[in-house]
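Chemist: Okay, here's what each chain looks like letter by letter:
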Amino acid sequence: MISCKNVARLLASDQLQSEDWWIRLEVRLHLAMCGLCSRLARQLKQLRAGARNIREQNETDEGLEKRVLERLTRP
Amino acid sequence: MTPAIPISDDFLARLRSREPEALSEVVRDHARPLYRAARGLGFAEPEAEDLVQDVFATFLVRLDSFEGRSQLRTWLFGIMHRKVQERRRASAVEDRADAIEDVLESRFNLSGKWARPPADLEKLFLSKELGQFIRGCIESLPANQRDAFVLREVEGLETNEICKILNVSATNFGVLFYRARAQLRECLELKGWSKQ
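Top to bottom, those sequences are chains A and B. Okay, so the first sequence: first residue is 0 according to numbering that gives the first Met the number 0, each after it adds one. Okay, so the second sequence: first residue is 0 according to numbering that gives the first Met the number 0, each after it adds one.
Source of the hints: derived by calculation from the structure; they are not laboratory data. Ideal Cβ placement from N, Cα and C applies to all residues, glycine included. Be a bit skeptical, because a hint or two may be false.
As the list claims (entries may be wrong) - Across the chosen pairs, the derived CB separations fall in these ranges:
#1 B:135 with A:58: 15 to 23 Å
#2 A:18 with B:100: 53 to 61 Å
#3 A:21 with B:67: 39 to 47 Å
Please model the entire structure based on the sequences and the hints provided.
Modeler: In structure tokens, the structure reads:
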């Protein structure tokens with residue numbers, strides 16, 4: 000049986016999809032039985048959604064492209 | 000974010016002849032994602048725009064040596080990554096010590112079971128300030144972890160593209176990304192406790 004520590008590492012590394020099928024199956028079974036690891040998995044998903052949302056806060060005004068082009072094509 | 004599209008020979012030839020429409024297309028497609036990433040990497044608004052200007056200036060100078068083997072977006076982000084590193088060195092930003100492995104070890108007992116389980120953070124994840132908390136926690140990450148996290152999770156680039164941009168192997172990226180996410184979760188847990 001895979002340990003909580005290994006499940007936590009696999010979940011946080013985001014490389015579970017590239018692992019062998021039996022490891023993925025072990026993790027799924029573990030998550031079905033372990034509330035604490037399921038909580039971690041849920042939090043990592045929420046963290047991803049939260050991170051995608053802050054993208055909007057990093058936007059700039061509409062004039063960026065114009066300003067870049069002006070400077071780029073300045074003789 | 001849309002997948003990076005390989006550059007065609009025809010478009011590369013138009014760029015090399017400095018055709019205004021072709022240059023305009025590149026700026027239109029890439030200036031904004033570069034700016035957002037620069038902001039995500041910790042640069043204030045004017046500095047982020049200056050960085051984007053700098054990236055495109057270098058792009059124009061090096062255009063003739065670009066062989067078109069990598070995708071344009073990967074190349075531009077790669078230029079930006081090197082410029083970010085130069086600026087961090089110039090401003091002598093010291094990288095924070097990375098003690099996350101010790102923190103993670105302390106969460107498990109010898110048989111690999113939770114000794115200090117993850118706290119319930121539902122309240123925090125539902126709060127309006129979540130974005131602000133995540134932003135604050137990203138700022139506390141070591142630079143290389145921050146770069147990996149922002150490009151993957153905030154900008155949504157694919158792992159293989161980020162490996163080329165940061166010039167790291169897939170294994171190294173996995174370690175950086177794992178540490179970043181683990182560290183952010185720890186940071187949010189601290190903030191979550193303070194919100195109880």
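Chemist: Holds or violated: the 39 to 47 Å window for the beta-carbon distance between residue 21 (chain A) and residue 67 (chain B)?
Modeler: holds, 41 Å
Chemist: Should the hint that residue 135 (chain B) and residue 58 (chain A) are 15 to 23 Å apart at their CB atoms be regarded as holding?
Modeler: holds, 19 Å
Chemist: Do the beta carbons of residue 18 (chain A) and residue 100 (chain B) sit within 53 to 61 Å of each other?
Modeler: violated, 21 Å
Hint check: a violation occurs at hint 2 only; the rest are consistent with the structure.
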